[in-house]
Amino acid sequence: MIAFNALLVRDMRLAIRVGGGALMGALFFLIVVTMMPFAIGPDLALLARIGPAILWLGALLASLLALDRLFATDHEDGSLDLLMMGALPLELSVATKAIAHWLTTGLPLVVIAPLLGLMLNVELHAMGWLALTLLVGTPALTFIGLVGAALAVALRRGGLLLAVLVLPLTVPVLIFGVAAANAALFGATPFGPPFTILCALTLASLVLGPIAAAAALRHGLE
Amino acid sequence: MRLNAEELACNRGGREVFRGLSFALSSGEAMVISGRNGAGKSSLLRMIAGLVRCAAGQLTLDGGERDTPLAEQCHYLGHQDAMKPSLTVSENLQFWTEFFGARTHTIESALQAVGLAALTDLPAAYLSAGQRRRLSIARLVSVQRPIWLLDEPTSALDSPSQKRLAELMQGHLAGGGMIVAAAHGPIGLERARELKLDPA
Chain A
1 MIAFNALLVR
11 DMRLAIRVGG
21 GALMGALFFL
31 IVVTMMPFAI
41 GPDLALLARI
51 GPAILWLGAL
61 LASLLALDRL
71 FATDHEDGSL
81 DLLMMGALPL
91 ELSVATKAIA
101 HWLTTGLPLV
111 VIAPLLGLML
121 NVELHAMGWL
131 ALTLLVGTPA
141 LTFIGLVGAA
151 LAVALRRGGL
161 LLAVLVLPLT
171 VPVLIFGVAA
181 ANAALFGATP
191 FGPPFTILCA
201 LTLASLVLGP
211 IAAAAALRHG
221 LE
Chain B
223 MRLNAEELAC
233 NRGGREVFRG
243 LSFALSSGEA
253 MVISGRNGAG
263 KSSLLRMIAG
273 LVRCAAGQLT
283 LDGGERDTPL
293 AEQCHYLGHQ
303 DAMKPSLTVS
313 ENLQFWTEFF
323 GARTHTIESA
333 LQAVGLAALT
343 DLPAAYLSAG
353 QRRRLSIARL
363 VSVQRPIWLL
373 DEPTSALDSP
383 SQKRLAELMQ
393 GHLAGGGMIV
403 AAAHGPIGLE
413 RARELKLDPA
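Top line first, the protein sequences correspond to chains A and B.
Heads up: the first sequence is residues 1 to 222, going by our numbering.
Heads up: the second sequence is residues 223 to 422, going by our numbering.
By construction, these hints were calculated from the structure, which means they are not laboratory data.
Backbone N, C-alpha and C fix where the C-beta goes; we use that ideal spot for every residue, glycine too.
Some clues are possibly wrong.
Said to hold, decoys possible - If we take Cβ atoms under 10 angstroms as the criterion, some of the chain A residues that face chain B in the derived model are:
#1 Ala6
#2 Leu14
#3 Arg17
#4 Thr34
#5 Met36
#6 Gly78
#7 Met85
#8 Gly86
#9 Ala87
#10 Arg156
#11 Val207
#12 Leu208
Claimed, not checked - Computed beta-carbon distance windows for the label pairs:
#13 A:Pro172 - B:Ala347: 52 to 58 angstroms
#14 A:Pro172 - B:Tyr348: 31 to 37 angstroms
#15 B:Gly323 - A:Pro172: 37 to 43 angstroms
#16 B:Arg234 - A:Pro172: 51 to 57 angstroms
#17 A:Glu76 - B:Tyr348: 14 to 20 angstroms
#18 B:Gly323 - A:Gly220: 25 to 31 angstroms
#19 A:Pro172 - B:Ser331: 42 to 48 angstroms
With the hints as constraints, model all of the structure from the sequences given.
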């Protein structure tokens with residue numbers, strides 16, 4: 001438990017200090033969403049209709065943005081070797097790093113999403129529900145991305161490899177996240193089913209992500 | 223406590239680095255691995271640390287805590303220092319101490335032992351190579367683990383620091399610890415055994 005806390009606090013400190021990527025994701029999210037109306041035009045009805053999809057896509061890209069450095073920095077300075085030698089199983093260490101990453105990158109996205117929703121003319125009454133779908137869905141994005149981050153280190157390729165590997169895997173999360181958000185917004189379909197499936201996807205990725213990432217690291221770092 | 227290696231073999235990238243390597247090391251003993259570049263000195267240390275798989279043979283530890291894997295009874299001091307530039311000296315050491323658990327010294331006394339007590343609040347980015355090295359040596363002091371695996375521990379260290387490291391190593395051996403070090407020159411362990419690796 002002490003080791004878990006120590007790693008969590010260290011990674012969060014690193015994210016908010018100089019050179020960390022804590023607010024990068026939120027700023028990227030802001031820019032993507034701001035540019036959408038410029039590309040689509042000032043049709044308020046259209047923006048309101050595709051608003052949830054834009055917010056979800058923005059959050060998806062933003063949460064993957066800082067992820068490729070998650071293990072790369074620890075690999076370069078030798079920390080990863082030592083993390084493997086601790087009493088904490090590698091799966092748990094990896095999960096801890098993902099939690100720290102979500103708290104500093106994913107959570108800010110959820111917090112500013114309602115604000116950005118205003119810019120897309122998303123109905124105020126549904127903003128809370130939209131934020132809820134992001135709150136439940138973004139951990140899944142982080143934990144799926146975790147596998148890509150581990151593979152990127154093992155294969156000694158950063159950056160784009162992560163996006164190419166991970167984005168296809170996030171399609172189910174995107175589908176059910178946007179479906180739940182649309183259901184809350186327009187009420188044409190029930191909110192329950194897509195939202196429960198989104199919860200299930202998140203829970204499954206919380207379990208499978210760290211196991212797959214740890215296996216990739218163990219195998220790749222020899 | 224006794225570390226046994228039987229018929230170890232190591233393959234890196236499909237190339238055989240060494241094979242048929244056996245040795246045994248008891249509490250209070252040190253062993254210095256020497257050999258040409260690429261002879262497998264670092265690979266052997268990483269093998270004991272559990273970071274590289276044995277292609278053949280086995281490593282066992284007799285005595286000590288039976289349920290703890292070998293890797294968790296080792297300290298590994300590699301070429302990299304595993305210190306984060308944006309954290310301060312004491313934050314860096316604090317993290318590794320808490321992560322490994324079972325600390326024996328306070329952060330202050332461990333830093334004192336390597337002569338970094340005056341720099342506790344300085345971000346590690348401003349340390350020199352030798353000072354970073356000393357900070358990672360402080361990690362060995364602050365958490366008790368019986369086996370020290372040192373990969374060219376004296377690199378980047380000035381002569382007073384080398385002397386201090388030699389004293390720390392003597393202290394560790396006197397307390398019943400073991401040291402396996404890879405080195406090209408003398409590292410201040412007079413009574414250490416020598417293991418010479420020849421490239422296959």
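Hints versus structure:
1. Ala6: holds (4 angstroms)
2. Leu14: holds (6 angstroms)
3. Arg17: holds (4 angstroms)
4. Thr34: Not OK, violated: Thr34 (chain A) not within 10 angstroms of chain B, min 30 angstroms.
5. Met36: violated (34 angstroms)
6. Gly78: holds (3 angstroms)
7. Met85: holds (5 angstroms)
8. Gly86: holds (5 angstroms)
9. Ala87: This hint holds: Ala87 (chain A) lies near chain B, its Cβ roughly 6 angstroms from the closest one there, short of 10 angstroms.
10. Arg156: violated (13 angstroms)
11. Val207: With Cβ-Cβ at 23 angstroms, over 10 angstroms, it is violated.
12. Leu208: With a closest approach of 24 angstroms, the Leu208 (chain A) hint is violated.
13. A:Pro172 - B:Ala347: 52 to 58 angstroms: 42 angstroms Cβ-Cβ, so the 52 to 58 angstroms window is violated.
14. A:Pro172 - B:Tyr348: 31 to 37 angstroms: violated (47 angstroms)
15. B:Gly323 - A:Pro172: 37 to 43 angstroms: This hint holds: roughly 39 angstroms between Cβ atoms.
16. B:Arg234 - A:Pro172: 51 to 57 angstroms: Roughly 40 angstroms apart at Cβ, these two residues miss the hinted range, so it is violated.
17. A:Glu76 - B:Tyr348: 14 to 20 angstroms: holds (19 angstroms)
18. B:Gly323 - A:Gly220: 25 to 31 angstroms: Once the Cβ atoms are compared, 27 angstroms apart, the range 25 to 31 angstroms for Gly220 (chain A) and Gly323 (chain B) holds.
19. A:Pro172 - B:Ser331: 42 to 48 angstroms: Between Pro172 (chain A) and Ser331 (chain B), where Cβ atoms are some 53 angstroms apart, the hint is violated.
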